[in-house]
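S.K.: Here are the chains, one letter per residue:
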Amino acid sequence: MNRISPEFKLISDWITPNSRVLDLGCGDGQLLKHLIDTYSITGYGMELDPQKNVQAIQKGINVIQSDLNNHDLCEYFDEDSFDFVIMTQALQVVSRPDELLDDMLAIGKQCIITFPNFGHWRMRLQLLTNGRMPETDTLPYHWYDTPNIHMCTFNDFEDLCEEKGLEVVARTVVNAEHRTSLGMRIAPNLLGEVALYKVQKKS
Amino acid sequence: MSQSLGVITPQLLQVENPLTLSSGAQLPRYDLIYETYGELNADASNAILVCHALSGDHHVAGEDANGKPGWWDGYIGPGKPVDTDKFFVVCSNNLGGCRGSTGPTSINPETGKVYGPDFPMMTCRDWVNSQNELRKHLGIEQWAALIGGSMGGMQVLQWAIDYPDKLRHALVIAAAPKLSAQNIAFNEVARRAIMTDPEFHGGRYIENDTIPKQGLSLARMLGHLTYLSDDMMGSKFGRELREDKLQYNYEVEFQVESYLRYQGEKFATKQNFDANTYLLMTKALDYFDPAAEFDHDLTKALAQATADFLVVSFTSDWRFSPQRSHEIVKALLDNDANVSYAEVESEHGHDAFLLPNEHYEAVFRAYMQKLINELPENDQNGDKK
Chain A
1 MNRISPEFKL
11 ISDWITPNSR
21 VLDLGCGDGQ
31 LLKHLIDTYS
41 ITGYGMELDP
51 QKNVQAIQKG
61 INVIQSDLNN
71 HDLCEYFDED
81 SFDFVIMTQA
91 LQVVSRPDEL
101 LDDMLAIGKQ
111 CIITFPNFGH
121 WRMRLQLLTN
131 GRMPETDTLP
141 YHWYDTPNIH
151 MCTFNDFEDL
161 CEEKGLEVVA
171 RTVVNAEHRT
181 SLGMRIAPNL
191 LGEVALYKVQ
201 KKS
Chain B
204 MSQSLGVITP
214 QLLQVENPLT
224 LSSGAQLPRY
234 DLIYETYGEL
244 NADASNAILV
254 CHALSGDHHV
264 AGEDANGKPG
274 WWDGYIGPGK
284 PVDTDKFFVV
294 CSNNLGGCRG
304 STGPTSINPE
314 TGKVYGPDFP
324 MMTCRDWVNS
334 QNELRKHLGI
344 EQWAALIGGS
354 MGGMQVLQWA
364 IDYPDKLRHA
374 LVIAAAPKLS
384 AQNIAFNEVA
394 RRAIMTDPEF
404 HGGRYIENDT
414 IPKQGLSLAR
424 MLGHLTYLSD
434 DMMGSKFGRE
444 LREDKLQYNY
454 EVEFQVESYL
464 RYQGEKFATK
474 QNFDANTYLL
484 MTKALDYFDP
494 AAEFDHDLTK
504 ALAQATADFL
514 VVSFTSDWRF
524 SPQRSHEIVK
534 ALLDNDANVS
544 YAEVESEHGH
554 DAFLLPNEHY
564 EAVFRAYMQK
574 LINELPENDQ
584 NGDKK
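Here the protein sequences come in this chain order: A and B. Count the first sequence with this note's numbering and you get residues 1 to 203, in order. Count the second sequence with this note's numbering and you get residues 204 to 588, in order.
By construction, these hints were calculated from the structure, which means they are not laboratory data. Ideal Cβ placement from N, Cα and C applies to all residues, glycine included. Mixed in with the good hints there might be a few duds.
[Claimed, not checked] Using C-beta positions, here's what the derived DEER-type ranges look like: (1) B:N538 - A:N69: 57 to 67 Å; (2) B:G315 - A:T42: 51 to 61 Å; (3) B:L425 - A:V168: 58 to 68 Å; (4) B:N538 - A:K164: 49 to 59 Å; (5) A:V169 - B:D288: 48 to 58 Å; (6) B:K503 - A:N69: 24 to 34 Å; (7) B:A247 - A:T38: 26 to 36 Å; (8) B:T223 - A:V169: 54 to 64 Å; (9) B:T399 - A:T42: 46 to 56 Å; (10) A:K164 - B:E496: 39 to 49 Å; (11) B:D246 - A:T180: 50 to 60 Å; (12) A:S40 - B:N538: 14 to 24 Å; (13) B:N581 - A:S5: 45 to 55 Å.
[Claimed, not checked] The following residues of chain B were derived to be distant from chain A, with all beta-carbon distances above 10 Å: (14) P367; (15) Q385; (16) K469.
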């Protein structure tokens with residue numbers, strides 16, 4: 001079996017076998033390939049990067065080349081087309097994460113979103129002590145060349161969910177190696193580096 | 204790595220069954236000229252049909268008797284994206300063409316004279332039906348893939364709708380589900396240029412021993428314009444003059460004028476393309492609208508299709524823009540079809556589908572590799588030679 005990243009392993013645990021899945025910013029299609037092979041899911045990936053697209057096609061994935069900033073989702077898919085819409089590590093790079101979240105929830109019954117936490121203590125400490133934008137293992141960029149244009153903290157994201165009437169079905173907070181600890185469970189926004197959220201519309 | 208296929212000799216299929224056309228007319232018998240590349244495998248599962256565009260023909264790869272390379276030679280051959288070491292590739296000249304298949308320049312068996320303007324109107328569906336005769340003749344139950352760009356892509360769509368169980372993969376490149384009013388308008392101007400040429404003689408120019416060269420050349424100039432992009436013309440020609448200064452007359456002054464005239468001339472004289480064929484092919488394009496008989500709903504039309512699809516568009520193609528490919532992708536997604544879509548960055552306009560391009564080639568290659576993996580000889584022991 002192919003080795004998959006710990007993050008993808010955590011996401012896979014939330015997926016129901018034989019479901020329909022859309023993976024936004026699917027990269028080279030590794031997650032979808034894993035879900036197809038182990039859970040017999042069907043679905044599509046969307047990816048903007050031409051090279052990653054080619055890699056996904058090589059894996060036999062259905063991949064639609066698309067810019068998530070263009071609101072292509074609702075153009076391509078009808079309401080509730082998918083059981084799961086997944087977006088890993090891409091929320092922070094799109095121009096309007098709030099609007100994209102709306103689109104994702106329109107076409108999917110549940111959404112799985114992962115993103116890095118800007119509220120982690122090392123971020124806070126670097127900004128506080130250096131007075132400069134933080135650079136860490138999870139966010140290894142300069143302020144001027146980062147693709148991450150909408151950084152948020154776990155608290156910010158949960159506020160947005162609340163505002164949109166979304167229910168957080170499940171949440172896992174992990175460190176950069178995708179391991180969790182008691183501390184992270186007690187103070188996730190301070191100690192967690194990456195969060196995985198599963199959300200749906202409140203019924 | 205990649206090598207040439209060498210000199211290819213076209214083959215002829217004479218179909219003796221009458222073909223009933225979309226127009227209601229009937230062709231009592233007809234010829235199809237075609238070329239093949241590579242070898243058909245034992246269970247005939249590695250066959251690919253390539254469908255040509257408006258002014259294309261059956262010579263898609265290798266060299267012809269005069270050493271001229273096929274129109275897609277860059278992408279079809281040993282080690283190329285459509286690898287002829289793995290696939291048996293077929294391309295035929297469309298009915299109504301002027302390169303050896305029965306068309307307006309052929310002799311009408313009923314009159315003993317050249318068909319000329321009496322050759323019946325053709326549609327994509329008619330072409331597909333005739334290509335299906337070629338499939339049977341070659342002993343192929345199911346094509347591994349149908350591949351076509353532009354008008355060829357439309358034939359691929361029609362195949363997928365009309366003969367869903369006869370193909371496993373459909374590659375629809377730089378195509379559209381139907382022409383826009385603007386597309387039809389361009390075609391109409393091209394046709395008027397031909398038909399108003401004094402040497403056209405109502406289409407009976409062969410009997411009159413003339414050729415409507417001016418009209419054909421104008422039609423080609425207009426067509427050519429729509430295949431290029433503003434950016435590409437800008438970077439290639441700009442406002443560059445042929446002489447050092449303006450002449451203030453109607454002779455060729457700008458390089459782009461010279462280029463267009465050359466293209467038109469070449470098409471009308473050297474390539475010797477038949478004017479009636481040009482008229483007929485543009486009409487077939489105008490008529491293409493597979494959704495029309497499904498309440499004008501492309502989703503319903505493609506509900507018939509069972510093939511896996513690859514759809515490719517090019518960013519600077521304004522004749523069949525990426526938006527037109529999105530329509531096809533959307534309809535396929537509505538049907539939960541297996542579809543991948545690539546939007547290739549190119550400055551070459553509609554012509555890009557024929558030209559070298561790294562991303563395009565990589566997508567093409569990746570998708571074709573998937574097909575190779577599905578072939579029976581690769582089933583058991585991985586990549587067996």
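S.K.: Tell me the numbers of any earlier hints that the structure contravenes, in ascending order.
M.R.: Hints 1, 4, 13 not satisfied by this model.
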